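Student: Residues per chain, in single letters:
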Amino acid sequence: MEKPLTKNIQPDRAFATLADYESTGGYLGMRKAITDLQPKEVQQWVKDAGLRGRGGAGFSTGLKWSLVPMDADAPQVRYLVVNADEMEPGTFKDRLLLEKDPHQLIEGIIIAAYAIQATMAYIFLRGEYHLAAQRLAYALLEARSKGYLGKHVLDSGFSLEIVLHTSAGRYICGEETALLNALEGKRATPRAKPPFPLISGLWGKPTVVNNVETLCNVPHILQYGVEWYQGLARCVDKGTKLFGASGRVKYPGLWELPMGTSIREIIEEHAGGMRDGYKLRGFLPGGASTDFLLPEHLDVGMEFDAIAKAGSRMGTGNIIVLDDKTCPVQMVLNLEQFFAQESCGWCTPCRDGLPWTVTLLKDIIAGKGRLEDLDRLAGLTRMLGPGNTFCALAPGAMEPLQSALKYFREDFERYIVGHYDEVGVV
Amino acid sequence: MKMQNKNPRIEGLSPTEIQEINAEMSHYEDKTAVSIEALKIVQKHRGWVSDDCLVAVAGFLDMAPAQLEGIATFYNLIYRRPVGKTVIHYCNSVTCWMMGSEQIREHLCRRLNVALGEMSEDGEYTILPIVCLGACDHAPVAMVGDELKLDLTENAVNEFLGR
Ligand SMILES: Cc1cc2nc3c(=O)[nH]c(=O)nc-3n(C[C@H](O)[C@H](O)[C@H](O)COP(=O)(O)O)c2cc1C
Ligand code: SF4
Ligand code: FES
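Protein chains in written order, with my numbering: chain A, 1 to 426; chain B, 1 to 163.
Simulated from the structure, these hints should not be mistaken for laboratory data.
Given the structure is predicted, the values throughout are model-derived calculations rather than measurements.
Fair warning: there could be bad hints in the mix.
[What the hints assert, rightly or not] So the derived list for chain B, only partly shown, Cβ under 8 Å to chain A, looks like this:
1. Glu-29
2. Lys-40
3. Asn-76
4. Ile-78
5. Tyr-79
6. Val-94
7. Gly-100
8. Gln-103
9. Ile-130
10. Val-131
Even glycine gets a Cβ: it sits at the ideal position worked out from N, Cα and C.
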């Protein structure tokens, strides 16, 4: 099985240096793009390959690039921004790519910037990722010394600067328009769309925002071609992806696997199944803001549409496993506390609705809940659902809650009815 | 993290801080864009961002102090009150919570005899919660200073505290 994204990650070395990276064909994709292809052709390759964004939403990467205005009368300044703000609870994929193989990302950035003719790229890195910052800074120097960055990349007419920006910590910075505000030195509240960043983004200029893992796929598409890339997958989505599992499985971890790999294979084979004494109760397939699925969904493949059909989202593809000894209601409380704390407070439903959700859940767990509270929670999942808030944080927050209410209702009721019993006895 | 100035009334920015902030400025379109970097630079040298520092940075960037204050308080990693020499950020997000982060927090607080967010008596440590550190396969985890500590147990905590 081919593993292009992780082939340079080896247990006997801390990370891949430029020499390590080039020894396995690194920077050949960049050479091909810049020497042999026009920017529009690079966009077409990536579109034809079928790469979809790995930041959670799954938008076609080549299509996104092709929407950037590039005619002669379009703005001549364009930006590429790398979303390296990984902070979705349960997600640990980008950190590995950043720490272990920084040149793969840099090559992806160069190719993407060439495709949209951006001469400036920013890496928006999570402030807590200190080791990644060190490795990236080192790799950027190495790449510059080889003439891969700066004026006239590979002596071509294309020039590129990459700036590493480290954030100061807030989940909402990962939302792409909030990220742009953060980069401009402002409070990271999301922006109204339209205009979309592709048309008017950083400092009002056309801007593409891509996830780390998305860009790490790009060098391989250019180096080995569209057909090869499509052949990696087991489903309509293309390529490989870093899938993970955390919680009470035997071997929590991260594995590069074909798109379409079944959730059963990830949990049972790669993660070794549940730890002794624990049973699988359910799981969030792609991070904190995805709906719960049940053991009956284990045979669903990790592909965007299949997971949507099962009632959830692939999200970041890092599975959070719920075991039979963890209370789903308390787990949802933990998740909602996170979202309430990280809400930027810009729009009312989210600013007020999330703390209320937390209060209701706490009351239920404390034995002070009533059955009507479950209707109130369900009402909140609608009020904070898609279309009612400024950004996707609030709808994302409602996904684990609405599915928990559906699948684990008896756990909620036990707290409430149990309390009634007590009252009855007294 | 060293205190550069023993005098609690800090007059302005040090030459090093000004130099570092200027270096950042060359990468952005305008001065405002470096506000977060500037606060982080000041914090790196002084441990936290006092009111006086905030006013000095605002002045240096031609921003209103209230505007900069709005930014400073928005971000989790800018400290507006003194913290210990080493900040211990324990992850309280979902996987770490499932795998025992609350016990780790209790143990930390007990060992250092300090409440969350407070500075230990000797000024060495502050314990703060933090969201998922991207190491959920090694839950529970914490960041001690800049260093990630994985697969935490009470023994592992004793070991890195050395007490
Ligand atoms: C609240 C919130 C947080 C997000 N956090 C991240 C993040 O940390 N990393 C990321 O790549 N995308 C994140 N996204 C998605 C981005 O807005 C955007 O869709 C993505 O960076 C696009 O890149 P892609 O097309 O390569 O996936 C977040 C979205 C929301 C609503
Ligand atoms: S939904 Fe929440 S996070 Fe998003 S803009 Fe509104 S208040 Fe901010
Ligand atoms: S939940 Fe703690 S590191 Fe991810």
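Student: Run the structure past the numbered hints and jot down the numbers of the failing ones, going up.
Tutor: Hints 5, 7 and 8 not satisfied by this model.
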